[in-house]
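Q: What follows is each chain in one-letter form.
There are 4 protein chains.
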Amino acid sequence: MKDKIKAGIIGATGMVGQYFITLLANHPWFRITHVAASERSAGKTFKQAVEGRWHMDTDIPKSAENLVVADALDITKVKHSCSLVFSAINLDRQATMELENRYASAGIVVVSNNSAHRATKDVPVLIPEINHQHLDIIRAQRANNEFNTGCVVVKPNCSIQSYMTPVHAIKNAGYKIRNMIVSTLQAISGKGYPGHSCFDLIDNILPLPGEEIKSEIEPMKIFGSVAGNVIQPDNSLKISANCNRVPVIHGHTACVHMNFEGKKPTIEQIIEIWKNFTSLPQELHLPFAPKTPIIYRHETGRPQPRFDRDTDKGMAVTVGRLRECNVFDYKFTGLHHNIIRGAAGGAILIAELLKAKGFLPS
Amino acid sequence: MKDKIKAGIIGATGMVGQYFITLLANHPWFRITHVAASERSAGKTFKQAVEGRWHMDTDIPKSAENLVVADALDITKVKHSCSLVFSAINLDRQATMELENRYASAGIVVVSNNSAHRATKDVPVLIPEINHQHLDIIRAQRANNEFNTGCVVVKPNCSIQSYMTPVHAIKNAGYKIRNMIVSTLQAISGKGYPGHSCFDLIDNILPLPGEEIKSEIEPMKIFGSVAGNVIQPDNSLKISANCNRVPVIHGHTACVHMNFEGKKPTIEQIIEIWKNFTSLPQELHLPFAPKTPIIYRHETGRPQPRFDRDTDKGMAVTVGRLRECNVFDYKFTGLHHNIIRGAAGGAILIAELLKAKGFLPS
Amino acid sequence: MKDKIKAGIIGATGMVGQYFITLLANHPWFRITHVAASERSAGKTFKQAVEGRWHMDTDIPKSAENLVVADALDITKVKHSCSLVFSAINLDRQATMELENRYASAGIVVVSNNSAHRATKDVPVLIPEINHQHLDIIRAQRANNEFNTGCVVVKPNCSIQSYMTPVHAIKNAGYKIRNMIVSTLQAISGKGYPGHSCFDLIDNILPLPGEEIKSEIEPMKIFGSVAGNVIQPDNSLKISANCNRVPVIHGHTACVHMNFEGKKPTIEQIIEIWKNFTSLPQELHLPFAPKTPIIYRHETGRPQPRFDRDTDKGMAVTVGRLRECNVFDYKFTGLHHNIIRGAAGGAILIAELLKAKGFLPS
Amino acid sequence: MKDKIKAGIIGATGMVGQYFITLLANHPWFRITHVAASERSAGKTFKQAVEGRWHMDTDIPKSAENLVVADALDITKVKHSCSLVFSAINLDRQATMELENRYASAGIVVVSNNSAHRATKDVPVLIPEINHQHLDIIRAQRANNEFNTGCVVVKPNCSIQSYMTPVHAIKNAGYKIRNMIVSTLQAISGKGYPGHSCFDLIDNILPLPGEEIKSEIEPMKIFGSVAGNVIQPDNSLKISANCNRVPVIHGHTACVHMNFEGKKPTIEQIIEIWKNFTSLPQELHLPFAPKTPIIYRHETGRPQPRFDRDTDKGMAVTVGRLRECNVFDYKFTGLHHNIIRGAAGGAILIAELLKAKGFLPS
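Protein chains in written order, with the working numbering: chain G, 10 to 371; chain H, 10 to 371; chain R, 10 to 371; chain Z, 10 to 371.
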């Protein structure tokens, strides 16, 4: 226990923060030693700070109850107390970037759930099964920012994670996808807590314009490559998204139409590619790595959020309904747990990869 | 009152049947004189037949309470008692076609909510604002089938009606749409009653494979033209659909991506086209015709099912979010009330058009 | 139109405020000439002030769009511009009482949706069908507070209105109810907007401790009587409530067990009492008075919120399931539309009564 | 594995049946060797029989996939193949009783989820923590029916299990409860699959008259005692229930008002009684026995179905909100998982008790 890496959670009292607390409770490598939130919560025990707003269906882990919540902006508190922080703070973009940089400057590895740094050219936006090699940019990032042992790595928006790994697997098998039109049916937990009013989402759905922009830009960077001291986006694939909020608690669904350039695989080949796909997190046996990152279901009625989101502890992506498309080559439906795979769990997997790659003290 | 056209409802006890009963209660032209359902309900009063399964939020119209339910299969009961029937019966495809033909053979004008006859080459699939001229096929249909005063006209599947009129308006203005990719988020009332188990649609959504096929084929016929004694589909437009059921009571939403061939209109031009679009039902002042068939909303968060489905008594289509598409030319979202515009109300509008065009006794 | 009474709405931008705007749009006696809200909205047109947060399923009435929103705290703006205000402002209890008194001091009749003044001994808590004679206290209230033409009248909490009128009808027929145990299943709109997070109310229900206290105290005052310059509560009836929030948009349901003292009516007698009950609002033909204040439904499955809440434009109370109780004498279920009958509509009915009784300029 | 007791599931393809299959997959004492259902499923493998209607969020256990489904009515198939069956068949009352008796006559111990036998005087209705001593009736039951090694034991209706154990704990501590008024807010899974139409339970709730009768009668028998060859109900406690269905997937909530006779405990004493309550299943360390049968939560907002139903693998009852009642002595809210504790899990616990008490071969 004492040998575990000391980890902090910035924004620990929000919904994603609470998932970090819960998912890390018995982590084999990391131990939560520090929790921070807004000034309002600072000085309280974690239990006090979340009283009346603990949203998990298990109780607060005993080990976290009595941690004293620090002010997230007060960097002095965290120095020396941990070498890794997970950031899920809710500030504006500029303030988030500056805060995460300050933690990195203090020598801390920052794995962020925030969107602030996703466009920063030397910050990798990581889905470990896809672009683990983007961690190569960290050397440049450290040089650019005069970080020493610290760095910033971010996870992408949850709206894209129902199809990014399946699409990567196909690309990785040597096929070229040129166009994708994607429709998302996103769960309410994606907006955190309190998020949407229930007045808006009982007997109703909502459009999500802001998610569409992220859905169309972030994949280019993830599919890009390290070129010198920046990550060069791959602009060969074009994505258009329409994003919708539906009355589902957890689990984002994406209906994807895709068009190939050059030779295209058959339906059977794609299913085979998906079934057999594994990547570095699987090879390294990272604790949060799903055994099979992509689960293909043959039933015509799947995937469905309530029945598929928890597959492999919420870390697998479930796909189904691969079929010919009247306009493009194929269409399929993908689904992932937006708060586990798409947020807290995905960030933990990134931290595990950082540890395995030597970016964290052993 | 006595001069109103006598109308029957076949399948009067189901959800769409109940909407016919309710919507026709004070119709200026039609008067319900006949209700029919399965053998199980035959002989009961309508009130008895729907006891414990009346699904409207207004009570059974007094005028319908004491109508004696006939066996829908017993054609002798309806002869002479009405010159028009609305068909919403729940039989298999072959049996439905035969039954509707038997009514037509008996001299009755059949306006059907069923899918059975949609592929029949001399049966028009009508959205009155789009293809009212397809009624010209009735002469051929009567000749082909030896119908005298009877005929069969059907309304299309509800899944397509959130975008068909908007797309028609653009085509009608002289532009050519070549490809569409459509994602639907469909309401539960589309499956009738009891329809889906609530176990499947609380905290969940479902794929709807069967709706996708209808969504891709029916538009071709509606956009087609009468050629001799068949309706020739227009195959110049290709549609690919992914269809989903969401926990919304009424109101189908469609997210549409469209690609033009040749010159394309600007966003402003399209909005102008939609705002100004009217058609024959408006010119004829048909009672169920929406004053403005297409309502464009400029708010970023609209349309939304609960707030837009009832526009113009549920007969208008609401569109919004017209914007550029990364892959195709434009994307937008459309919405209509699937049980009113998309089913019972749409069928009543067809009957009104038939009356105005002289297919019903005046 | 010019002769209508000029009315203001304080707290016009919130959910109840929007209902006032919508319900009063074509009122035969009142005309909205003044809208006020928090400082944040002041100076904007009403349309601007509610942009992106208009929650009605009809559009903003044209007559309200361009009204300039005043600061609710700035009493100078309202003086002379209206003789009646509906208050639905969201302040703390003390501030609300002071504000409402300031309006009354300025000569304005205040009909309030707020709970602040419900315990004030000379302020009537009114359900017009039950305790219209409590308006007699206004003379004392004016004397006590040095109000001139102004006064304050409030409507009770929505949680009790599914059974208060039915219980009053029975009491009014000469029977004495001694004990009631009530369970409420309350709709989400009762908490306004944004109200509850949808994370809390999809696949879930919530307890409502705060509503229970109001449910147990307010009825005593409503059933009380004017005694000198105070309203003396009737403590002969004891109520115990358990209150719950359920995922229903509008419509509070109450399951009531009641015990009589002395002679008790039969089930048939109670139903007869309910069916025949009318009161002063019906006799005066007040515009918002439901024709039949209490609707009894004999079906075993009714009332149900989605099907009964809109009865008589949302102003009637629907009861059903009257049956013997194993422990008390009888049990029954009541339902009303919490935002219409229970809030904005109920307040409008109070204002109509005030007008009919001469408390407003004719 | 081979030494485990062979168990069958009658009605294995329905929702409760699927829970039995899932919960028993790795049971330390029992092994599913037989599955039976209606004639329609007979002859298929279990996997085939539930294709398209498997409702669990985990896959079919591998060990069950290839079991061939027997016709439940064909008793010859089960003889010798198992010594224990769980019955969750969906037949009418008379047919269910006869079928369960036939299994018992064949020497099989039947643990039933059905209501059919609950009123049979020599059949125990068991909540193991409450009335385990009712198993003493089995000797009489066997004599009365000429059962040899077989017998029938049933579990009570799920509607009462949110409060029966808490009430028993208080009675067991020496206090006498005379009257209870109970309001239930029951989850949809209580009606099985497909159960309710989602048209009835989105933005709506339903009354459940049939559940009320069960709720008022079954507790008397459970609190009764074995007297000669019948179970004599305890009629000293009177219960009145109003039962409601709410849009919650799993987890029945009960709001309970209770009145004592004679000395009554304080709130603190009741909480202490609940916290310390254990019974025979805990002493015997039965595999499905919750460690703490009654969990008291002090938060004002608990229990809530989505957050409390899964406590202790769904086998604990969660209570909260114990407070004084205006009319009776106290009120509180209880919650349990209706399909685990209230159905399949509760039945498994009964079977474990039967094994521990020697009614099953060791």
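In short, the hints are calculated from the structure, not lab data. For every residue, glycine included, the Cβ atom is placed at its ideal position computed from N, Cα and C. One or more of the hints may lead you astray.
Derived PhoX-like pairs (lysine-lysine); straight-line CA-CA distance at most 25 Å [unchecked claim]:
no., chain 1, residue 1, chain 2, residue 2
1, Z, LYS13, G, LYS322
2, Z, LYS185, R, LYS247
3, Z, LYS273, G, LYS71
4, R, LYS322, H, LYS284
5, Z, LYS13, Z, LYS247
6, G, LYS322, Z, LYS247
7, Z, LYS71, Z, LYS185
8, H, LYS71, R, LYS247
9, Z, LYS284, R, LYS247
10, R, LYS322, H, LYS322
11, Z, LYS366, R, LYS272
12, R, LYS247, Z, LYS56
13, R, LYS247, Z, LYS272
14, H, LYS56, R, LYS284
15, R, LYS56, H, LYS71
16, H, LYS300, R, LYS71
17, R, LYS200, G, LYS200
18, Z, LYS56, G, LYS56
19, Z, LYS247, R, LYS273
20, Z, LYS13, G, LYS71
21, G, LYS272, H, LYS180
22, G, LYS322, Z, LYS56
23, G, LYS247, H, LYS273
24, G, LYS273, H, LYS247
25, Z, LYS185, G, LYS284
26, R, LYS56, H, LYS322
Beyond 12 Å from chain R on every Cβ pair, some chain Z residues (computed) [what the hints assert, rightly or not]:
no., residue
27, GLU60
28, ARG187
29, THR193
30, ILE197
31, ALA250
32, CYS264
33, THR309
34, ARG318
35, PHE341
Q: Next, verify each hint and record whether it holds.
A: Okay, the hints, checked on the actual structure:
1. Z:LYS13 x G:LYS322: 30 Å, violated
2. Z:LYS185 x R:LYS247: Distance of about 23 Å is within 25 Å: holds.
3. Z:LYS273 x G:LYS71: 35 Å, violated
4. R:LYS322 x H:LYS284: Roughly 32 Å separates the two Cα atoms, so the pair is violated.
5. Z:LYS13 x Z:LYS247: Since the Cα atoms of LYS13 (chain Z) and LYS247 (chain Z) sit roughly 43 Å apart, the hinted pair is violated (cutoff 25 Å).
6. G:LYS322 x Z:LYS247: With Cα atoms ~46 Å apart, LYS322 (chain G) and LYS247 (chain Z) exceed 25 Å; violated.
7. Z:LYS71 x Z:LYS185: 49 Å, violated
8. H:LYS71 x R:LYS247: Answer violated: LYS71 (chain H) to LYS247 (chain R) is near 42 Å, above 25 Å.
9. Z:LYS284 x R:LYS247: 32 Å, violated
10. R:LYS322 x H:LYS322: 16 Å, holds
11. Z:LYS366 x R:LYS272: Given that 25 Å is the threshold and the Cα spacing comes to 54 Å, the pair is violated.
12. R:LYS247 x Z:LYS56: Given pair LYS247 (chain R), LYS56 (chain Z) is violated - Cα atoms ~57 Å apart, limit 25 Å.
13. R:LYS247 x Z:LYS272: 22 Å, holds
14. H:LYS56 x R:LYS284: With Cα atoms ~21 Å apart, LYS56 (chain H) and LYS284 (chain R) stay inside 25 Å; holds.
15. R:LYS56 x H:LYS71: Violated: LYS56 (chain R) and LYS71 (chain H) sit about 42 Å apart, past 25 Å.
16. H:LYS300 x R:LYS71: 18 Å, holds
17. R:LYS200 x G:LYS200: Holds, at about 21 Å.
18. Z:LYS56 x G:LYS56: 46 Å, violated
19. Z:LYS247 x R:LYS273: Given pair LYS247 (chain Z), LYS273 (chain R) holds - Cα atoms ~20 Å apart, limit 25 Å.
20. Z:LYS13 x G:LYS71: 37 Å, violated
21. G:LYS272 x H:LYS180: 34 Å, violated
22. G:LYS322 x Z:LYS56: 24 Å, holds
23. G:LYS247 x H:LYS273: With a Cα-Cα distance of about 21 Å, the restraint between LYS247 (chain G) and LYS273 (chain H) holds, given a limit of 25 Å.
24. G:LYS273 x H:LYS247: Distance ~21 Å between LYS273 (chain G) and LYS247 (chain H) Cα, so the pair holds.
25. Z:LYS185 x G:LYS284: 62 Å, violated
26. R:LYS56 x H:LYS322: 24 Å, holds
27. GLU60: 26 Å, holds
28. ARG187: Answer for ARG187 (chain Z): violated, closest chain R Cβ roughly 9 Å.
29. THR193: 9 Å, violated
30. ILE197: 10 Å, violated
31. ALA250: 8 Å, violated
32. CYS264: 4 Å, violated
33. THR309: 5 Å, violated
34. ARG318: Violated: least Cβ distance 10 Å, not greater than 12 Å.
35. PHE341: 9 Å, violated
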